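> Listed here are the chains, written in short residue letters.
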Amino acid sequence: MSADTQGQQHPLSLYFKVWGLLFVLSAMSYMVDYLQFQGLLRWGLILVFMFLKAGLILSIFMHFAWEPITLRVALLVPTLAIPIFIAFMAIEGNYTLSSRLNFLAG
Amino acid sequence: MTDMNSAPKGYWQNMVVDWSADKEAFKVNWGKVMMWVFLVSDTFIFSLFLIGYMNVRISASEAWPLTSEVFALVVGGEHIPLLLIAIMTFILITSSGTMAMAVNTAYQGNKHATFWLMITTAVLGASFVGMQAYEWTKLIVEEGIRPWGNPLGAAQFGSTFFMITGFHGLHVTGGVIYLTIVAIKVRLGHYDKKGFQIVEITGLYWHFVDLVWVFIFAFFYLW
Chain A
1 MSADTQGQQH PLSLYFKVWG LLFVLSAMSY MVDYLQFQGL LRWGLILVFM FLKAGLILSI
61 FMHFAWEPIT LRVALLVPTL AIPIFIAFMA IEGNYTLSSR LNFLAG
Chain B
1001 MTDMNSAPKG YWQNMVVDWS ADKEAFKVNW GKVMMWVFLV SDTFIFSLFL IGYMNVRISA
1061 SEAWPLTSEV FALVVGGEHI PLLLIAIMTF ILITSSGTMA MAVNTAYQGN KHATFWLMIT
1121 TAVLGASFVG MQAYEWTKLI VEEGIRPWGN PLGAAQFGST FFMITGFHGL HVTGGVIYLT
1181 IVAIKVRLGH YDKKGFQIVE ITGLYWHFVD LVWVFIFAFF YLW
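As given, the protein sequences belong to chains A and B, one line each in that order.
Numbered according to our numbering, the first sequence spans residues 1 to 106.
Numbered according to our numbering, the second sequence spans residues 1001 to 1223.
Everything labelled a hint here was simulated from the structure, so no lab data went into it.
Nothing here was measured: the structure is a model prediction, and the numbers come from that model.
C-beta: ideal position from N, C-alpha, C; glycine also.
Restraint-style ranges between C-beta atoms, simulated for each label pair:
{"id": "1", "chain 1": "A", "residue 1": "G44", "chain 2": "B", "residue 2": "E1062", "range": "24 to 32 Å"}
{"id": "2", "chain 1": "A", "residue 1": "S13", "chain 2": "B", "residue 2": "V1016", "range": "33 to 41 Å"}
{"id": "3", "chain 1": "A", "residue 1": "S59", "chain 2": "B", "residue 2": "H1112", "range": "24 to 32 Å"}
Using the sequences plus the hints, can you model the full thing?
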């Protein structure tokens, strides 16, 4: 039997575990703000919890972990353009800020 | 079971075989592939919004409004930061859980449970949109936040906020309608012969909406 006819079937207990984990991770990312962590600790924790949550939703709830490698590669490779664009726009943003501070201040 | 999910030999060879076999490359339900392709394109749209937000926030010479304060709620005299956003986050996660269960019951042929789980998911999604409407109203009426400026700091805050959360809210609204239609069709028996892959496909869309919210929550509200 192929995935074509059967679809993705996984035990409910797995979903419940992931569900619980997502609740805990959300509560923890909320606590980052509630406890007013600042600086690198804040950004680091926000990113860690974000990627863990996103990974759980994508791999388990969206069944990405069980899809054929061909589909996974086809879907993931295009998204590699995103971090490159993030880097470009971060550089550009910092340049705009420095220009504003140099020429518009006072 | 001879597909590559279970084959430990030639993990990458399988991909080469799939691409070069001069036949369909993706051996999964075509509707599911189409949904995934749509979701990848949607990923780019949301990425562009968030990257645009990052760019204007970096380049803003004025201070960015403190989201922790802007989105605080006063409950019984207590000032609780980001409370409404936290509740919205938990609602969306809960709805993701009921959706995952609906996919499970659909493949077991339990149409009754599938219908009610999908309707529960849709109702949770609708309540999310309701809270977002409340949040927007509060920000526009009480805080005076506009797309072109606001009294709290950098003018770009309003335009990025309305654009990002508005586009996400539109997705949730669309998802609620989509879920309701599929749930009713499940109940009417429209998929009895075709199979219940449609529930899994609808689920993909719904989980994606939750996935996007994870990034918006981290970058817009917490950062």
